[in-house]
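Participant: Sequence:
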Amino acid sequence: MLTASLECLIVPAVDMAGPSGWWQPLLGVLLGVLLIGVLDKVTPHLHHVTGLGANECEEYHGPHNRSIDRILLFVIAIAIHKLPEGLAAGVVFDGDDIDNAYTVAITIALQNIPEGMVVVTPLLMIGVRFTRVFCISLVVALMEIVGVLFGYFIGDISSVFLPTVTAIAGGAMLYVISDEMIPETHSHGFEKQATYSLVAGVMCMLYIQMLI
Numbered sequence: 004m005l006t007a008s009l010e011c012l013i014v015p016a017v018d019m020a021g022p023s024g025w026w027q028p029l030l031g032v033l034l035g036v037l038l039i040g041v042l043d044k045v046t047p048h049l050h051h052v053t054g055l056g057a058n059e060c061e062e063y064h065g066p067h068n069r070s071i072d073r074i075l076l077f078v079i080a081i082a083i084h085k086l087p088e089g090l091a092a093g094v095v096f097d098g099d100d101i102d103n104a105y106t107v108a109i110t111i112a113l114q115n116i117p118e119g120m121v122v123v124t125p126l127l128m129i130g131v132r133f134t135r136v137f138c139i140s141l142v143v144a145l146m147e148i149v150g151v152l153f154g155y156f157i158g159d160i161s162s163v164f165l166p167t168v169t170a171i172a173g174g175a176m177l178y179v180i181s182d183e184m185i186p187e188t189h190s191h192g193f194e195k196q197a198t199y200s201l202v203a204g205v206m207c208m209l210y211i212q213m214l215i
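First residue of the sequence shown? That's 4 in the numbering used here, and the numbers climb one at a time after it.
No wet-lab data here; the hints were simulated from the structure.
Please read these numbers as outputs of a predicted model, since none were measured by experiment.
Relax, there's no trap hidden among the hints.
Pairwise CB distance ranges (calculated):
no., residue 1, residue 2, range
1, 145, 213, 31 to 37 Å
2, 25, 128, 46 to 52 Å
3, 209, 134, 36 to 42 Å
4, 144, 210, 24 to 30 Å
Note that CB positions come from ideal geometry on N, CA and C, so glycine has one too.
Work out the full structure: start from the sequences and follow the hints.
Facilitator: Quick look at the structure:
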C-alpha cells in the first residue's frame, strides 16, 4: 500500500497536474489526510454491532493486554480505509495509464487477504458469534465497493479534477498506513520483522508495477 499510494497515485497526480497545477496534488493529499483523520475521530465504537457490552470490554484482556475496545477500534480503522482503497482503484481506471490502474488493483487485492484475517480472527477470539463476524466482514468489504464506484464516478466527471481526486486517495492511504498499520505492526515486539516485511513489500510492488 505504501508503494501504491506514492508510485501509483501521488506521483501520477503530480505528472497529470504539471508545473502550473502543482497545488492540485498538494491540496489532494492534504484533503485525503484530513478526511480520514476526521473519520477516525468521529467513528463510534462497535459494541452494539458486535453484541458485546461495556462490562465484557472492561473484563477482557487478550494477547498483549489488548482490550476489546482496541480490537474493535482496529477493525473500524480497517473499515474506514476500505473507502480510500476503493476510491483509489476507481479513480485510476479513469486515467489513460491502464497498466498503472491494474497495478493499483492488484496491490489492493493482495493486501486485502491479510486484512480480511485481521478483521475476522480477533473478533472470533473475543467471542463474537460467527454470523455477526460474517456480517461485519461483509460490511467492511462493501465499503471498498462503494469507494470504487464513487471514485470512478468522480474521476469520470472531468479530467480537470482527476489529479486532485487521485491525490486525495493517495493521501488517505498514507494516513492509514502511518496512523494505523505501521504502529500496529511495530507494537508487539516484532519491530525488526515488520521492518523487513515493509521493505520486502515495497520492492515486491515496485517489481509488480514494472512487470504489468
